[in-house]
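S.K.: So the chains spell out like this:
Number of protein chains: 4
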Amino acid sequence: MLAEIKGLNEECGIFGIWGHEEAATLTYYGLHSLQHRGQEGAGIVVGGNGTLQFHKGLGLVTEVFSRGELEKLTGMAAIGHVRYSTAGGGGYANVQPLLFRSQGGSLALAHNGNLVNADELRFRLEQQGSIFQTTSDTEVLAHLIKRSDEPILKERIKEALTHLRGAFAFLILTETEMYIALDPHGFRPLSLGRLGEAYVVASETCAFDVIGATYEREVEPGELIMINKQGVRSERFAPKVSRSICSMEYIYFARPDSNVDGINIHTARKNLGKQLAVEAPVAADVVTGVPDSSISVAIGYAEATGIPYELGLIKNRYVGRTFIQPSQALREQGVKMKLSPVRGVVAGKRVVMVDDSIVRGTTSKRIVRMLREAGATEVHVRISSPPITHPCFYGIDTSTKEELIAATHTVEEIRQLIEADSLAFLSQKGLLQAIGRPDDSPSCGQCLACFTGQYPTKIGGEYVGTFVQTSRCEY
Amino acid sequence: MLAEIKGLNEECGIFGIWGHEEAATLTYYGLHSLQHRGQEGAGIVVGGNGTLQFHKGLGLVTEVFSRGELEKLTGMAAIGHVRYSTAGGGGYANVQPLLFRSQGGSLALAHNGNLVNADELRFRLEQQGSIFQTTSDTEVLAHLIKRSDEPILKERIKEALTHLRGAFAFLILTETEMYIALDPHGFRPLSLGRLGEAYVVASETCAFDVIGATYEREVEPGELIMINKQGVRSERFAPKVSRSICSMEYIYFARPDSNVDGINIHTARKNLGKQLAVEAPVAADVVTGVPDSSISVAIGYAEATGIPYELGLIKNRYVGRTFIQPSQALREQGVKMKLSPVRGVVAGKRVVMVDDSIVRGTTSKRIVRMLREAGATEVHVRISSPPITHPCFYGIDTSTKEELIAATHTVEEIRQLIEADSLAFLSQKGLLQAIGRPDDSPSCGQCLACFTGQYPTKIGGEYVGTFVQTSRCEY
Amino acid sequence: MLAEIKGLNEECGIFGIWGHEEAATLTYYGLHSLQHRGQEGAGIVVGGNGTLQFHKGLGLVTEVFSRGELEKLTGMAAIGHVRYSTAGGGGYANVQPLLFRSQGGSLALAHNGNLVNADELRFRLEQQGSIFQTTSDTEVLAHLIKRSDEPILKERIKEALTHLRGAFAFLILTETEMYIALDPHGFRPLSLGRLGEAYVVASETCAFDVIGATYEREVEPGELIMINKQGVRSERFAPKVSRSICSMEYIYFARPDSNVDGINIHTARKNLGKQLAVEAPVAADVVTGVPDSSISVAIGYAEATGIPYELGLIKNRYVGRTFIQPSQALREQGVKMKLSPVRGVVAGKRVVMVDDSIVRGTTSKRIVRMLREAGATEVHVRISSPPITHPCFYGIDTSTKEELIAATHTVEEIRQLIEADSLAFLSQKGLLQAIGRPDDSPSCGQCLACFTGQYPTKIGGEYVGTFVQTSRCEY
Amino acid sequence: MLAEIKGLNEECGIFGIWGHEEAATLTYYGLHSLQHRGQEGAGIVVGGNGTLQFHKGLGLVTEVFSRGELEKLTGMAAIGHVRYSTAGGGGYANVQPLLFRSQGGSLALAHNGNLVNADELRFRLEQQGSIFQTTSDTEVLAHLIKRSDEPILKERIKEALTHLRGAFAFLILTETEMYIALDPHGFRPLSLGRLGEAYVVASETCAFDVIGATYEREVEPGELIMINKQGVRSERFAPKVSRSICSMEYIYFARPDSNVDGINIHTARKNLGKQLAVEAPVAADVVTGVPDSSISVAIGYAEATGIPYELGLIKNRYVGRTFIQPSQALREQGVKMKLSPVRGVVAGKRVVMVDDSIVRGTTSKRIVRMLREAGATEVHVRISSPPITHPCFYGIDTSTKEELIAATHTVEEIRQLIEADSLAFLSQKGLLQAIGRPDDSPSCGQCLACFTGQYPTKIGGEYVGTFVQTSRCEY
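Protein chains in written order, with full-length UniProt numbering: chain P, 1 to 475; chain X, 1 to 475; chain B, 1 to 475; chain E, 1 to 475.
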């Protein structure tokens, strides 16, 4: 499953609000609902009243913020960030939002995504004499804005954004304005809402539900939104192209209660399960899903096949950063970590085990074995995504193709490796069908690069794959 | 739901192991799997090598123990405890196991349950000159053992246990021995297992699965087990009576992957759902359960009625002790706390909402409202337990009957109060049937006191209810 | 110097106040001024308004108490304690005041001193069924009070005190009363003062100065003082004998600005220096004292001999509990710890180095070497106390005679061992003369047991020395 | 006294070592001995083995570094910093050394001093597109180095240093080299030493004594020293001018056991006292000094006048950052803070109170009152510096002349304000004479700007004083 590449994943969650006197507190609740997108660090910057104040730290939102800290953050606008990983070093320094103070005014940045030309831009900026504070891609934008020759900030930001390539959803807060920007392909989700008179923006709509806000619309790819006391203004920094939203948001990342680009995640996943049932039925006694992302899929699979859905695998909810991993010796003696099989449910049964993906295959193999040790007579693995055969450069950095088992093995070889009785992946076509899209969607589609190797953008560096030289996705 | 009386609930989890060189580490994993039984404090005492060492603290198991702390706890025997609540004050001091050192030898105690005559015993002991360290009931046993006139420890413990009335599962560790005791009615679950040559004991069998141990049998009501280097010895400190295991273990407390008194919890809960479907069907579009305890019930209800099961309510996983509760003003503006409705799933639908119980009714009302605000056209509440009409003295202290809505209102009145379109509770008979029991079970039944007012033991103090003066349960 | 036996020293500081609405805060400042008597732990208990509240912790007063903690401690009476050492284990649990809660009322205890029959009393109490919470001697008194047959608390305390042998200054606080008691020989200092209408009591008078209180009188040996809303009442729990106040209070422990039994410490120490100059003059260029206790002595020696006083040794002020001690390798390469010689002052000079005492001799040797390495041409050591030849059982536990270099070596042998050019100790007679006493002092004298082996009380256990079987000191 | 302007004082301490395998640990001890120069923050960067690692934090050296942290800092070169104040905000971010990483190599900076043209340089750099991480002056140098057009680092540093005006002692560490630079006037002390084969550099020589290193020479004003594996190389970045070392180093800052520019501080201060005795004798009974800086002065005054030196004022050693300041109400009731009078010493006596300086006069007044309340019949104040009449721009920022009592009042007016019986300041000539200088000193003199208004450098900004437009000091 995708969770196994934790540490490589650079997914994050962002939230912003303009025009509410409890901006910081609402951002706290918004970030809290986005906690699944990043558990390593959290931060909030407030502004809008002429000065920027911030608090950030390593850990969960509830660990980073005490009531005292929150109460100090007064202001009617705020942006916040939860961070998945501090890989790349820097620890505290890399926790966002990043805040840049200068005599000409301050600026805070929160970023979800991954730039493919960050190293190249950074090299050029350092050559020109800039000093970077962090190892974060995000800082590149601050330097580009600072060095832009445009006279007003909005134009400087627009000019700076044109240099960036890759996936980015940015929130920018100054003493007097908030900016919202989404990359021209719209790789990452970013939704707009209203809470009374206030404007809100978030990576997922679950953040709106939790604070009682109402959904308005998606931020469009290539759009730059500016909010200040005069109101809201939308402009474009890049021409309109079709959207390439990350398929993994539907398969793995987003919370079941969120709508991403207008589509409910739980429903989409249930449909993935139903589609899997059509594509790869099997005779079995129980269906079980690997928590949390595959629960909905398993329910859909069960509903479509008539095989009962059961809790065959339990996730221990209290595994946090401070959990002491069992030694190799203890693991071999059978000490489980965060997933346990339910013996009373699977013993003597033919089990369908639904998971979201197979990356290296080691986790799948471990779960299959666990189910057999708990008495399952057969284990049939059903994966709610196509085989991942290519690295992602837009947020999930598997570094090299070699680490992806599906890049170098057939389905049958993988089945043998993970010791399953049968194995099936969802087809690419099935994936697109199951997710579906409302007819009035402003976007045409999804990024399937990790399944197809067809990347919506140029990729710099030494990776040699099958590039799509146009910014238009073509499935 | 029962979770709403957090702070009053004195449920806990205990774990012990004898004869393994990584006793402390295995206890850590065991406690970790019992974390749902208590999140307020945790502790481990190791012994068996001639000296007792301990570490304990407030917070989750993963917060209390670092690798360094764990490595200091060397010894081939250990007992551990997770604590639900530190209500009653004392904080750190009340975190268990309690350790009592004296020139004649040391003794550590871990306790799950609630004594009904603790105050009375304590008063008598203080009159005789004893000084108590904690406000915990558990300490009473230590003083009774210390003051017993019996010459050897095993006899002192047996003599001391006869003074206790109520629910108790005790683990006792000395420099050279471990003792396991369960009260004569067996209110609390306590299972025995083996891990190679080592003996293990735990509140729930999920703790065995997590460390790779195999289940052996239940500890019997009134049994005292002694383990030392000579082996295991079982005796009785009270005559055999029929078991009165707490029904709430099945309905709410235990983890779905545990077997309690030989019965799998997930399966039992699914059966509760199927029984509810038989007793109280309704025309609806979706079934949803209040996480976590009612998920299995809802799946059973859905399976039996054919109405699709959906994730209509999402629990935020990261609400811990440090979560900052929203102010009243923000709650009124719609800020959610730990539960969110899934608009995409319930909007425009007739929803069956399954929950485990109704205590005060305020939580149920809030959830019903939340579902309606998310667009549900009808909300039908189905409860997987009978109405709670009487206080519990064996672990859930609701203090007075007045706080229990079902003690003073009819089902129809409750329905109106919680603003549901329909409301049904499971019948007592349905509850017993759904849980069922294997024919070779050593115990006849369950404690239903909170539904019936028929208490298996004498209750001291001023409460005037319908007492059953015999220690034999009669349903 | 005496500081070298840190960890064995059980000296402490106590402070109490009755009748001031900022009792806890004033106790904080009082304890703060007594910090030199104990840096390992601190605690405050407030009462007098019907309930006892406490806060305590490991570390300095300023580390243990934050403003928030202090503000929670409301009440018009308080007692506090600073602890020198937590040797004997127990850590946090042993930090005082100890608080004992029972259904019949609570009781807090703060103790300065050392009981010589604590083990014996503890053994008897445990035999009778008492359970001890701590490894502290102090707890013995609580159990004796609890078990006393007397009907009222004051009588119970008096009866309990008669069982104790050794050095003790006790403060006891209940919900409604404060008690003050000093052992029959008055080994430890304990002074009474007034702050407006409030009563204060402290180990040293510097605590009065710091809060602006005025000194009233010494607590008398064998006196029990009770303070409550009706006023103050003095009784005796033991007959009047002559005082045996610890000589080390004058030589080493007390702060220079305190008066102990009416005698100013700085003045007493300066007189020790003058007396040393009379007894052991030497031709030299500079006089320097080992900080802090010997500064005053060195000034006196310089004044009497006409040799200039200089800062030849500097103590690093920031060596706290968290200081990382240099490795043996680094020490050998010359890394200093808390004392540094001042090269510019001692180079090329004949130096008189004044210290308070020689216990094992290792520290003296290190300082002599340090001075020579810094260029001193001669080092003459002058000690402001007689040779320590016998262990102390009243607060400084050197355990065995074997560890005391003066018990087994002549002055000339010690001189050679510490590599000094000359060495002189103050005479016993000189010590008593230098300290002097006002004519109206209620006490005759001082305890000189560590110099003479003549102990004012019976000593239990296996130590065989020259006991004085009378409770009257005879020099 | 000068301590009263804590928070405005930007004095710091720096330490560096090259060529020792325990570089970080020795830097720890070195910084520890410089702790009196800064208690607000500390940091160490190690390098020399191809990569820079750092640890820093708010608080004392012993609070910031645990053994674990120290052991992680491996490398044969290190620089460290203790910081007096984090005024100017930024907290943790402003703690030094500052570390700047870039693709072309990393660079760490530790700085003692104050630049008078920092704001101007910063403004220019920000205009050119640089982004600053901190509010610290020190960062300016990093940006100047980064933007220099010179091809090699040594030349870039030299070029950058020429832009700086004011007081600076810099240590710079890269992966392969260490640089040491002192401003052209040598305002701050900076000494070189050897420890075996290793090179050491420190703000004060006490840091050499504590690690067993030997003093070599002063760093010369305008000198840039480069150390790498090839050896040591000294160059100049500015022409040789006469030194203007801060007089306050002798009067107040430095530790008594340090030599500053070859002169022992204790001896210099004793001479200040002797000179004061010549300039301003008085009939009195005791001489006492305000700890710590005036102890040596008072001893000198006593020696010269024959009046006995006594400990008339005691400083509480345990007043740290976490000390809870007494409320105004408690202060008025007599609660003392960090200084207490010794009643037994001053009561009934005519007291000479020696202090280092008078800034606002409020502290002097408080001490005079304290002594009178303790019974002093007369209080004669003697100050070991001339009146401070002008602000300092090189490290002590009193901001405006208005805050300096001596800028607007005569000596007699000040005497009345502080309620002394007599008051005398040391003359400028007396100050210079007392400090003296060895004949072979490479520097001509001291900065007296705060007494004279004659500043050795141009001062930017709006302050209008009497500027000395030459870089040569002229007294």
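I should point out that these hints are in silico values taken from the structure, not numbers from a laboratory.
Hints should not be assumed to be uniformly reliable.
Because identical chains share one entry, a pair is satisfied inside a single copy or across any pair of copies.
[Stated by the list, open to error] Derived SDA-like pairs (lysine to any residue); straight-line CA-CA distance at most 20 Å:
1. Lys72 <-> Gln325
2. Lys338 <-> Thr214
3. Lys338 <-> Gly19
4. Lys315 <-> Lys338
5. Lys72 <-> Ser327
6. Lys338 <-> Ser66
7. Lys154 <-> Gln127
8. Lys146 <-> Thr135
9. Lys274 <-> Asp119
10. Lys72 <-> Ala329
11. Lys146 <-> Thr174
S.K.: Confirm or reject each hint.
M.R.: Here's how the hints hold up against the structure:
Taking CA atoms no more than 20 Å apart as the test, Lys72 paired with Gln325 passes between copies only; the shortest distance there is 17 Å, against 37 Å inside one copy. Taking the closest pair of Cα atoms, Lys338 and Thr214 come within 20 Å of each other only across two copies (19 Å); inside a single copy the shortest separation is 36 Å, beyond that limit. Taking the shortest alpha-carbon separations for Lys338 and Gly19, neither the intra-copy value of 42 Å nor the inter-copy value of 25 Å comes in at or below 20 Å. Taking CA atoms no more than 20 Å apart as the test, Lys315 paired with Lys338 passes in both settings, with 6 Å inside one copy and 18 Å between copies.
Taking the closest pair of Cα atoms, Lys72 and Ser327 come within 20 Å of each other only across two copies (16 Å); inside a single copy the shortest separation is 43 Å, beyond that limit. Taking the closest pair of Cα atoms, Lys338 and Ser66 come within 20 Å of each other only across two copies (17 Å); inside a single copy the shortest separation is 28 Å, beyond that limit. For a Cα distance limit of 20 Å, the shortest separation of Lys154 from Gln127 across copies, 18 Å, qualifies, whereas the shortest one inside one copy, 26 Å, does not. In this assembly of identical chains, Lys146 and Thr135 lie within 20 Å of each other by CA distance both inside one copy and across copies; the values are 18 Å within and 17 Å between.
When the C-alpha separation of Lys274 and Asp119 is checked against a cutoff of 20 Å, the pair qualifies neither within a copy, at 43 Å, nor between copies, at 59 Å. For the homomeric pair Lys72 and Ala329, the shortest alpha-carbon distance between copies (19 Å) is at most 20 Å, but the shortest distance inside one copy (48 Å) is not. When the C-alpha separation of Lys146 and Thr174 is checked against a cutoff of 20 Å, the pair qualifies only within one copy, where the shortest distance is 13 Å, while the shortest distance between copies is 27 Å.
Taken one by one, the earlier hints fail for this structure at numbers 3 and 9, listed in ascending order.
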